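Participant: What follows is each chain in one-letter form.
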Amino acid sequence: MTMYEIRIHSRGGQGGVTAARMLALAAFHDGKYATACPFYGAERRGAPVVSYVRIDDHPIRVYSQIRSPDLVVILDTSVMDVVDVFHGLKPDGKVIMNATGTREVSGHVTYAVDLTGIALSLNLVIAGSPILNTPVLGALAKLEIISMDSAKKAISDMFSDDRNTRAAEAAYQELVL
Amino acid sequence: MLTIATGNKAVAAAVKEARPEVVAAYPITPQTEIVEQIAEYVASGELDCRYIPVESEHSAMAACIGASATGVRTFTATSSHGLMYMHEMVNWAAGARLPIVMANVNRALGPGWNVWAEHTDSLQERDTGWLQVYVSTVQEAYDATIMAFRIAEHRDVLLPVMINLDGFVLSHSMQRLETLHPGDFIPPVNLPHAIDTANPAGYGTLTGPDDYFRFRWDIERSMRRSVGVIAETEQEFADRFGRSFGPAQEYRCEDADVLVIAMGTLAKEAEVAIDRLRDEGIRAGSLRIRWLRPFPELDLDGRDLVVIDRDYSFGFGGILAQSLKSRYRVDPYSVIAGLGGQEVTFDDIASFVRERKPGEERWFGVSDDV
Amino acid sequence: MTEIPKEEYILKCTSACAGCPSSIALRYVLKAAGPETVLVVPACCTSVIQGAYPNTAMNVPVYNVAFAAAAACASGMSEAYRKAGRKTHVIVYAGDGGTVDIGIQALSGALERETDFLYICYDNEAYGNTGMQRSGSTPAGARTTTTPGGKIHAKKDLDGIVAAHNPPYMATACVAYPQDIFKKVRKALSIRGPSFIHILAPCPPGWRFSSDMTIEMGKLAVRSGMWILYEREHGKVSINGVSKAALKKPLPLEEYLAPQGRFKGISQQAIDSLISQRDRVAQRLLKEDEGIC
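Residue numbers (this note's numbering), protein chains in the order written: chain A, 1 to 177; chain B, 1 to 370; chain C, 1 to 293.
Worth flagging that the hints you see were computed from the coordinates, not collected in a lab.
One should not assume that every hint holds.
Per label pair, the in silico range of CB-to-CB distance [unchecked claim]: (1) B/Gly183 x C/Asp157: 36 to 42 Å; (2) B/Phe241 x A/Asp161: 35 to 41 Å; (3) B/Ser351 x C/Gly131: 58 to 64 Å; (4) C/Ile161 x B/Asp331: 57 to 63 Å.
Derived list of chain A stretches under chain B, where covered just means 3 residues or more per stretch with a C-beta under 8 Å from a C-beta of chain B [as the list claims (entries may be wrong)]: (5) 18-25; (6) 31-39; (7) 83-95.
Remember, predicted model here, so these are calculated numbers, not experimental data.
Cβ atoms here follow ideal geometry from the backbone N, Cα and C, with glycine treated the same way.
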């Protein structure tokens, strides 16, 4: 496996940074090398946040920002108004979007999963915000970026509430390849 | 145990293994996770240590000095402006010959406010008598912290040690980490000049022109001895735990015509540039400087040098480039890059090598008109 | 009469000025504290008084530290000792500059963290060690090298600042009453947590009076009400008898000011300011002492 690069877009307070860390943790459980690094701008609730995850079979020596991701994950589609979330996305790159229904993004395979809906249905909400970073791991597992077993292990490493695992399973089911 | 952790968490985990008796802590971005994690270890009982939430960085070092003087192991962490505020006491700690260990998360100095990686902060402390090491991976941050306590407390050293890690790009990045239990790798601290009420003495008293210079010489003498202590410590670490280091880390240097020299994460990413250049037929290698103080012995003969400084000394030059020039009579191509977290990729590094002009200085990203 | 131990902890080779009040005070502080004591000394007269390498005039360990850092250093030291189960007294012995100006942050932090230590500020109302420049503790009207026309601003209320941190024990003292110093130090050291003692140290070269008048000057300060001797234990005030008497019938302020060269030519405005500050503090303390607040 050559290095696989994922860029996660969210807003501060939505758990985008934790999503990146859990993804790296799951990849680690799969026996891979993985790095996760957020890019911090002004750390404010609601401000756009970008996190980078790299996964490789070999030790990763790159620290600079991901310029051509293989996968873009959008946890909050409202950032698309202010951030060019597809910048650099590889021609055969994919998109996971927190959205209902299907979405067409020029030339890229796009998977829409209603992460918000899943979170709300399980009442997985903290301080008014639905938890998106655990269900998104299920979506990532469906795309075989990480195994579902490792996704669940990463989730339970970080959170004890088992609704998080159920959210991931629901997202896994919902994503249609 | 194999796990995944950020640079900050790795430092905190290593401190936990070293078991300091007193930790003084003042938060500053991007170091905060270190002191927060240590607070959690103390609150949960995993670390039996007195945690002093001081009211400033100057006081953090002062508190470490007070505690260390009684003969116990201490630790603190800071960054950038915190380090600057602490500067007076950073000097004091070395002069007092106290084996304090401190993690510094490298961050640029304001104004303007900038929280991203730059080395100028710790490089401004290079004259203080502290030993300084610069790490480039989460694992190295952990291992260097473990070794720092042993090196600092060695009776031939008895000088404080600063571990430097790049702000955000390493402090907040998750990477694979193998934790360990040092066991007797770190012997119990034994400060020969610890305060002893049964043998009262004055510490740091008025010391006149006939005597003061002898104490400064003693610092330098210990700094020179630390070269051997570092080597011996790192060798034993390699024997026991399987990872070896050295004053500088070489990558494909043996037959290299040109060397890229840098510190921290840039120097690690440079290895990717080296691989690309080699594919092009350019015999490049990278030399990642780890120990800045004591300044390393390097073999730089007969190669072009591209030195990347993530720092600057105004009116003079990149500190690494100038240091190498003065020590080794070389004429590096000096590139100033990465200030304030400026993006520098392996492609950029490769281009520095291709375009190199020995003896010249280039500020990456600027022209005369700024 | 309190039995004061004969053992001396200040030996006969200090570099103190003739008539130095701080050395007198420290003599009784150390008699009260005993040998299981570490003095933490920031830059101040005591840094010099203790002598120069390779000698020390002190028969207890003295840890010298940078100007701003005394209370923080003591904090770290105390935590280390208490963790090791040791009852070693950690005593900061600092001048007014290193307490009320550059050292106030560290003192405030150490008090807020309830550090188990005793902080003693010996107050000669200026930066004595560096040649008598003004400090925040210099009273209005006093000439110093940086206030040659007399200080405009009032003396900072250090006791009020410390009291606001609610330490278990704080007190004022004066070099002219050494038994009182001894008792207060003993009391402070018997109480766990932070204690604070503020000792007036009339300084012959600084205040410009003759070296044999130190004790007399201290008595004048107390008898004129300019320095009030009291204790505050868990917030409850008790004023020393000698000060109670002084406040009932204080000596005219001129008797205190006249012998001091630093007050020569003091303006009436400054005198009024001194009197009003004295009366304000006295009224408040008397009320607290009587339980009326």
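Participant: Compare the structure with each hint and give your call.
Facilitator: Outcome of the hint check:
no. : hint                            : result
1   : B/Gly183 x C/Asp157: 36 to 42 Å : violated (55 Å)
2   : B/Phe241 x A/Asp161: 35 to 41 Å : holds (37 Å)
3   : B/Ser351 x C/Gly131: 58 to 64 Å : holds (59 Å)
4   : C/Ile161 x B/Asp331: 57 to 63 Å : holds (59 Å)
5   : 18-25                           : holds (count 4)
6   : 31-39                           : holds (count 7)
7   : 83-95                           : violated (count 0)
The structure fails hints 1, 7 (numbered hints given earlier, in ascending order).
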